[in-house]
Amino acid sequence: MRLSRFLNRWVLYALAVLGLALFLRDEYSFTLLNFIGIHALLVVGLNLLLGYAGQISLGHAAFFGLGAYTSGILTATYGVNPWLAMAAGLGVSGGAAFLIGIPALKLRGYYLAMATLGFGIIVYIFLNEAHDLTGGPSGLSGIPSLSLAGFPLNTPHRLYLLIWIILGLILALSANLVNSRTGRAIRALHDSEAGAESLGVDTFRMKLKIFVWSALYASLAGSLYAHSLNFIAPGSFGFMFSIKLVTMVVLGGMASIWGSLLGAGVLTVLPEMLTVFHDFEVVIFGAILMVVMIFLPRGLVRGILDLYEFRRYKKKGGHIPV
Amino acid sequence: MELQRVSLAFGGLQAVEQVSFEVAKGAIKAVIGPNGAGKTTLFNLVTGFLAPQQGRIIFQGEEIQGRPAHRIAWQGIARTFQLVQLFDHMTVLENVMVGRHRLSRSGLLAGALQFPWTRTEEKGIRAEAMEFLEFVGLANRAQQPAAILPLGLKRMLEIARALASAPTLLLLDEPASGLDAVETERLKDLILALKDRGLTLLLVEHDMGLTMEVADEIAVLNYGKLIADGPPRAIQKNPEVIAAYLGTDWQSQ
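Protein chains in written order, with the numbering used here: chain A, 3 to 324; chain B, 1436 to 1688.
Derived from the structure by calculation, the hints contain no laboratory data. Please note: incorrect hints may appear among the correct ones.
What the hints assert, rightly or not - Straight-line Cα separation of at most 25 angstroms, SDA-like style, residue types lysine to any residue; simulated pairs:
# : chain 1 : residue 1 : chain 2 : residue 2
1 : B       : LYS1558   : A       : ARG11
2 : A       : LYS108    : B       : TRP1509
3 : A       : LYS211    : B       : TRP1509
Fair warning: this is a prediction, and the values are worked out from it, not measured in the lab.
Model the full structure from these sequences, guided by the hints.
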């Protein structure tokens, strides 16, 4: 029964992605969907780290930026094949995560948050200051579009399927991962590092692994972002974006793979729909983070389910299970 | 397992001082003593959560002192905790499945890609974990979150989880604390069943009834020092132990 339910989810996902591809016509919708897909990639990765392993990263935008800039610089400046550049981006981000992770993941809680925050700021400053390499604050333009077997993916419509197929694969990999031996070890160390260690789990190595793994997702998202916009600037990879990603994880639900998609969707669409977001973006994201943490600590989906169950229990006059 | 003149001080406090004793293979050894005598510190030294400043800890002919906890676990030493350290957000079954960690090998990539051999291994882990749950009588709660179990069952789950890592030496840190009489009786049966399985046990316990019944040998600590070591009968009569810990009641019983 579990297998059939699992299959249905993926079938639904494929149908929804295909359906949208067939029925939507306007370019704007696809641009928006592509952003949702790219954000969802980032959020799933961050959720593995934050929601499952319980390790905070306030510098996740940096890995996104490293992926985007590696792709951008290699293709626009050096004419490297975009797919090879994407692979190089994975190498750079993964390598950076590995090197940063070794000292940073020995820290806990606030200290880890501060260390990753610092890393994010360093990368942001580097992107701004290394003019010759990155184009500085005015950005890097002329990034070519991706092409697949000679077919150019140069419109949002064409890129859409690629992004959402990649996202589908990443969601599947992540869902597999959290229910595997390594995934269990990662969730275990979230609840009790001592307990996990006592069973032979090398908690530091596990944290490092999942940190690098989630940086790889971010890098992949960055490369796709660079090739879909054909232009990147440091402003997209700053501290504020890291906070947005954390908000998406929290809204979608910590330790929820599908919630990540929802969190990314809601917080990508809302700023587009409501013009009020443009002036008060920081304030609104802060408010969302606070409200969700206080009233729906398990995220939107499970939070609403909890409220529903709560009402049902109340109607029956039963006790609320703690 | 053997401790040779093991010492550890926290600042000026000598938590464990020149402690030496042996645990015979297949035996149950209990460590008793008043609160703050260094029992839990001793456990943490053996299981790698602390490193001794002096002395040697020898397990199966190898010096293991100072190795990190996860490496000691790989050598076949498992433990439970005085304050249970379960994985609250995971199911009862998943908790025990983590216990199989050192006996399985699929890494992050294999887990994400789910190769055929990964699935086979996963099935095995699940089935074996289920057996350990059955052994401690928790099979009917396999799918519940570990957090909602009552304390007595949490302690049972922690034992099942430790057993799942197939240890040759199991350390139980106050397994009876917080248990009622019925639960303590069940725990006693479980401990004796473990001994029958050929496991070596090291036990810290305040429940003297339980300790005297199950232990083959008892080591007594007081202010970090070993003041007695021997079979329960001898310990009960040892005047120093009576003065430090047991009190005079035990003589008359």
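Take the C-alpha atoms of LYS108/A and TRP1509/B, compute the straight-line distance between them, and say whether it is at most 25 angstroms. Measuring from Cα to Cα gives roughly 22 angstroms; hence the hint holds.
Between the alpha carbons of LYS1558/B and ARG11/A, is the straight-line distance 25 angstroms or under? Holds, at roughly 22 angstroms.
Pairwise hint evaluation, TRP1509/B against LYS211/A, where the allowed Cα distance is 25 angstroms at most: holds, 20 angstroms
Comparing the model with each earlier hint shows no violations; every hint is respected.
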